[in-house]
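In order, the protein sequences belong to chains A and B.
Read in our numbering, the first sequence has 648 at position 189, and its numbers run on one by one without any break.
Read in our numbering, the second sequence has 1186 at position 335, and its numbers run on one by one without any break.
Read the hints as simulated data drawn from the structure, not as lab findings.
Nothing false has been slipped in among the hints.
Here are the computed distance ranges between Cβ atoms for each label pair: (1) Asp1425/B / Pro724/A: 46 to 52 angstroms; (2) Glu722/A / Leu920/B: 22 to 28 angstroms; (3) Pro1253/B / Leu775/A: 56 to 62 angstroms; (4) Asp713/A / Asn970/B: 42 to 48 angstroms; (5) Phe956/B / Glu722/A: 34 to 40 angstroms; (6) Arg1130/B / Gln698/A: 41 to 47 angstroms; (7) Glu935/B / Gln725/A: 26 to 32 angstroms; (8) Gly1355/B / Gln698/A: 18 to 24 angstroms.
Simulated pairs of lysine-lysine, DSSO-like, Cα-Cα distance not exceeding 30 angstroms: (9) Lys1492/B / Lys1455/B; (10) Lys1421/B / Lys1343/B; (11) Lys1455/B / Lys1421/B; (12) Lys618/A / Lys1343/B; (13) Lys1133/B / Lys1061/B; (14) Lys1061/B / Lys766/A.
In this text, all values refer to a predicted model and were calculated from it rather than measured experimentally.
Quick reminder that beta carbons are idealized off the backbone N, C-alpha and C, glycines included.
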Amino acid sequence: MDWFRRFLGLQPTDNEEATESAVQPAKPIATDAPTQPNPIGKKENLAPSMETLPKRPRDLPPSELDTDEADMIAADGRTRKLPPLETVQPEVGHQLVYGQLSDVGQMRDNNQDAVLSFVSSASLSQAAPNFGLFVVADGMGGHENGERASAIATRVIAKHVIDEIFIPSLSGEIGSSADRPTITEVLREAVQQANHVVSEQVPDGGTTVTTAAIIGHAAYLAHVGDSRAYLITDEFIEQITRDHSLVQRLIELDQLTPEDAVEHPQRNVLYRALGQNDHLDVDPVFRQLPPGAFLLICSDGLWNLVKREEIQQIVLEERDTPQQACQRLVEMANDRGGTDNITVIIVRVPN
Amino acid sequence: MVDTRQFAIEPNKDLLGVDGTLQQNSVLNNRYRISGVVGVGGMGSVYQARDLQFPDVERYVAVKEMLNLSQNRDMREQMKGNFEREANILASLSHPAIPAIYDYFTIKDRAYLVMEYINGKNLEVILSQLDETLPIDMVLGWAIELCDVLDYLHNRPTPIIFRDMKPSNIMIDVNGRLRLIDFGIARVFQQNKKMTMIGTEGYSAPEQYKGSPMPQSDIYALGATLHQVFTNEDPRLHAPFTFADRPIREYNPNVPPMLEAVIMKALAYDPLQRYATAREMKEALETVRRAMQGSVTAAISLGEVPSEAVEEWGSEQTSSKSQLRWKFKVEDEIRSGAAHHEGTLFVGARDHNLWAIYADSGELRWKFATEAPIVTNPDIYREGPTVLIGSDDHHLYSVDIPTGRLHWKLQTKGPVRSSPSVIHGHVFFGSDDGYLYAARMSTGRAAWRYAVEAPIRSQPVVLEDMVIVAAESGDVVALDLSGQFKWRFSAKRTVISTPAIHDGIAYFGSYDYHLYAVDIKNGWSIWRFRAGKPIISSPVVVPEEEIVVFGCADGYIYAVDLFNNRERWKFQTDNQVVASPAYENGNIYIGSVDQNIYCIDAQKGRELWRFQTEGPVTAKPFILDGVMYIGSLDHNLYAIKA
Ligand SMILES: Nc1ncnc2c1ncn2[C@@H]1O[C@H](COP(=O)(O)OP(=O)(O)OP(=O)(O)O)[C@@H](O)[C@H]1O
Ligand SMILES: [Mg+2]
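Using the sequences and the hints given, assemble the complete structure.
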């Protein structure tokens, strides 16, 4: 999260503030708080075009100052730790790491799934944001329609999110105003745009989409269809998207047990997908990810064949090598028949 | 009359058009001369043909063609047998709303069913060509006729379940007569598809997907059909079984509530909650018709109302479950909430006073007079102990709790309508002069102030390392605890609502009709939810339900999902809701300008009870040890068993 605080000229939280003190106005209140060192070179590194200072600096006539109060600066009542002088220090688990794999499976002769990961890791630099975008799309339709639909949807979504979130954040334009769409809205627009392009260019195809933008520890998802996203920690695995499938609706209405759904003749029937209708309802999902947690996105080729406990176990066993976890999960699905295309992305958020 | 292009045995390739349909004027089975295609179905076409058996009259028939696509010979024979059996059953039916079957035969890979020709359109086509809604009494007539034909089918010696009730299977002829077509005979030729498909039947009942259709499944599909006729919303374009999310009367207010109730009962998920028989539903519809014609003014009997509605009526009757402990009358309106310290409640009023009242007895302990009305909530400085309150007389007061005497006061340059927050030995509050103040509790002197440059009417939210405050300009500003700017979020209009903080997110409402979720690390907006009017109410987060709850000037109390920003429920009151909710033990407590204080189940949004005061309620309830304390514009402070 640090990079955009820097870009927006915002103050860091907690005890990091020394690293930023170069851009703060001098403290107006006399204090015996620890003197805060100015890290060398920090100031120059700040992008000059950004709003590095509050628009409206505070105004504090001296007469109103409570100058006899020496402890004010520690207003939270705690002694502040002296911040480290060296701020540029690589740290294990400090970055977004991910793995990704898409496999045709054992039964199909083409892969209609599409997958995309875009990661900008910035914990060592101020020039690029700590940002990740992930897309899984499972296309459907005869001939080449399925793979075309999923590919087009993936490209359109990536372009829109990068244009509307990543690029503006680099130039400091993204910000905090109701005049701009919220991040959730940008993701929804991206999927809706993809819907229109797919309808236009692949009239006989359709696709699911599950996409996630990860900014710091916050995950913003947009979802349509029956690809899935899971949140995985040491303690639990939770499906955070809801399948837009007939059987899922029947389960929600207590008309079907999850066990029966596995065998249900209409288990592949979706009621929502891209490329079907001009109007598309997109599910947004927002989650704060616990430090060190994993986000896994996959197509039904994985979750139909690998139980969620198994998914959790493999992800945790390979916690430092998500790519290895992807490999093992795809192998497991293939060992069990590989009846469909199998696609998986695993993202580990920083500690 | 001799037709030279007869073909007695099988359709010759020459007689098929490029798309595999029979060409005009080709003669089928030596008897039916095709005059055109009238419909295309899943398994083949439906033709209009002239029956040459009757050369002197122009008798037209409809010929439904079905392709037997099965590759396997045995399979094909089996399907042919099924077809003939089904055709025989159909031919034995006799009902004015069922087209007569005249003939059937098989030619090579095609099966044909010859029936009465209906000069009309199917209902799906009619709906798609419609600009306005259909007259209600006309639809009601069709609905009754459909119940009648279902009743007929369900009561055959071997009951027939229609299984495919939907607008495209209902035809209305030029005389306005209705006919049910397509008895699913084509199903015998269908093959199982395994691929992922998009689109469900949309009209089918939940149990039908378990492969166990029953008469009630037809009733559900009829309900779905009628729902579409009145709303013109195609259920195939929505998530399955979501009719209740599209209330008929919201689309078409002319539909009488009784009729809506009948349709919604037909659409119950549980077959046992629907009408037990088509006859029963028919009778309910006839009652509606009589009521509409004015011949019956009596209300529909309870048995004909869907169970949902009954439950709603029931909940209103439970309304006086609450219990008044005491009430205390002050000298003017109470607009703001109360605070508590060791058995004493504190509340400000427009009569300029801060009142201290014993919580158990409702007796006066002391009152402290300021120079102008008070519209802010008090807060407690426990180390004093003192109670802090802002007044329209421009001051923030710290009042000694044991004595009720002034501890100190701090002057600003405008009315103080921002409730104070006491924490870390400091008090944070805003003023209409546009500043956020931080003052030391021990001395009452400002440690710093920060120019937000617009009146502040919300309470500052103080966290471990920052203070967040909202202003009239619509700006929500975060500062660190020494008054250094961190970030700003700008709503389109005023924010009076005090942010609720949960899991790193600030939730607050604005006059711009939105509830915002903003990341407190950087002020980025995560999502927003649009209500119907300005949101003045300060939200409360209910972590157990993963919802945020708030009132709105549109009269509703909303619960919005934290993770997908969709409405979980909303609860309607009879006037604006500017008050803030409190949450306690699974319940939401909130007042409305309609003079009531409501207790609502946080999970479902159902009313548990309400308590009526004699004036609008704008204060936030304060709940302690199972008792709710809340003031009203009727000048009273109430203590009510929560
Ligand atoms: N007896 C008839 N007279 C006139 N038109 C008819 C008649 N039967 C059917 N049609 C027309 O043909 C269309 C298709 O007919 P039908 O619903 O029987 O076949 P289908 O849709 O192929 O069947 P299924 O729904 O089982 O696939 C109808 O919507 C209607 O417009
Ligand atoms: Mg039909």
